[in-house]
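Chemist: Work out the full structure, taking the sequences as your base and the hints as a guide.
Under mature numbering (1 follows the signal peptide of the UniProt record, and there is no 0), the letters of the sequence shown match residues -23 to -1, 1 to 284, in that order.
Treat the hints with care, since some could be wrong.
[As the list claims (entries may be wrong)] Below, computed lysine to any residue pairings styled on SDA-like, alpha-carbon distance capped at 20 angstroms:
no. : residue 1 : residue 2
1   : Lys279    : Gly11
2   : Lys132    : Ser142
3   : Lys89     : Leu254
4   : Lys118    : Glu261
[Said to hold, decoys possible] The calculated label-pair distances, taken between Cβ atoms and stated as ranges, are:
no. : residue 1 : residue 2 : range
5   : Ser135    : Ser55     : 17 to 25 angstroms
6   : Gly8      : Asn70     : 36 to 44 angstroms
7   : Glu189    : Gly275    : 38 to 46 angstroms
8   : Ser142    : Ala76     : 28 to 36 angstroms
9   : Gly19     : Asp138    : 32 to 40 angstroms
10  : Asp138    : Ser106    : 36 to 44 angstroms
11  : Ala272    : Val186    : 21 to 29 angstroms
12  : Ala134    : Asn274    : 31 to 39 angstroms
13  : Pro36     : Arg183    : 41 to 49 angstroms
Just so you know, these hints were derived from the structure itself, not from any lab.
Positions of the beta carbon are idealized from the N, C-alpha and C atoms, including for glycine.
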Amino acid sequence: MAFNTGIIVLILINNFFAGPTLAQVFCYSDGSCGPATPLWGGACQTGSRQSPIDLPYFPLSVLAPPIVLNLKNYRGSSFRMQNNGHTVQVDFNGAGPSAAPRPFPDPITRNKEIRQYIFASAHFHWGRSDFNGSEHCIQGKCTAMELHLVHYQSKFASQSDAVASGDPDALAVIGVLIEKSGTMSILNGAGLKSDALSPIVRNLPRVAVADEVIQVNEALDLTPLLKDTHGLVKLPVQVYTYKGSLTTPGCNEQVNWYVMRRPALTTMNDVLRFRSLPRDEGGEVLSENHRPRQALNGRQVKLSVVI
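Modeler: See below:
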């Protein structure tokens, strides 16, 4: 999503059938295409509300007022899946209850300003280490993976129209940190492993070639990843909110972020399957696809219980 609207449309939007583009040469670590190069130009270098960020570890005593957030019905009876050379992207192709607009409160004014957003697609970020794969971290503590659920405001006809509008509230992204089951950190505890990713993981071998798109005719429900169930106790869901940007070129500052405080848990096998996914036909492994944390620049970050 780098230099102009056309490139933004080709990379960011839920466009599964596009072929390779100039923008697809960006990467995350190489000196010729990484975050310090012109391929990450524009707002990536000059913006003031960039993402991801290192989130503060708030004690419960400083929780902001509760917010209303619909974390249900991220499911479909089938789904599409693509390895676009940068990540694994999934959508429900307009099927199922996920297609219905859902209200999101403003990250700062909270429930005083509500906008309707439509779920567009999900994608993942990961790394080679169990402690350095997520894009967002909490007080310097990172996890093996991060899931992003991307939404666009319902007043726009599509996600590409939302991005092209320049509207600073065009997009809403829910971030879910994902830890390997058995990993102990200040971010979780004795959590219950979720099998929600299993339909995706089972089909990763089918997208071993970049830009390959497949239709998977089995149910997928990402909703369990948004619950906070530890042991036999269902805990209140807590979410960080702030105003930020896309985390790939051109880093458009149009995203309201909602990052789950407590990570979801998955298996070691699931994590390893993502880490072994080829980037291209040459067999290079797609890994470390997470952008470095960006400066907060005085922005407000709030932590609230979801009701």
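Chemist: If a hint holds in the structure, say so; if it doesn't, say that too.
Modeler: Structure-based check of all given hints:
no. : hint                                : result
1   : Lys279 / Gly11                      : 30 angstroms, violated
2   : Lys132 / Ser142                     : 11 angstroms, holds
3   : Lys89 / Leu254                      : 43 angstroms, violated
4   : Lys118 / Glu261                     : 28 angstroms, violated
5   : Ser135 / Ser55: 17 to 25 angstroms  : 21 angstroms, holds
6   : Gly8 / Asn70: 36 to 44 angstroms    : 38 angstroms, holds
7   : Glu189 / Gly275: 38 to 46 angstroms : 43 angstroms, holds
8   : Ser142 / Ala76: 28 to 36 angstroms  : 21 angstroms, violated
9   : Gly19 / Asp138: 32 to 40 angstroms  : 20 angstroms, violated
10  : Asp138 / Ser106: 36 to 44 angstroms : 38 angstroms, holds
11  : Ala272 / Val186: 21 to 29 angstroms : 37 angstroms, violated
12  : Ala134 / Asn274: 31 to 39 angstroms : 32 angstroms, holds
13  : Pro36 / Arg183: 41 to 49 angstroms  : 45 angstroms, holds
Checked against the numbered hints above, the structure breaks hints 1, 3, 4, 8, 9 and 11 and satisfies the rest.
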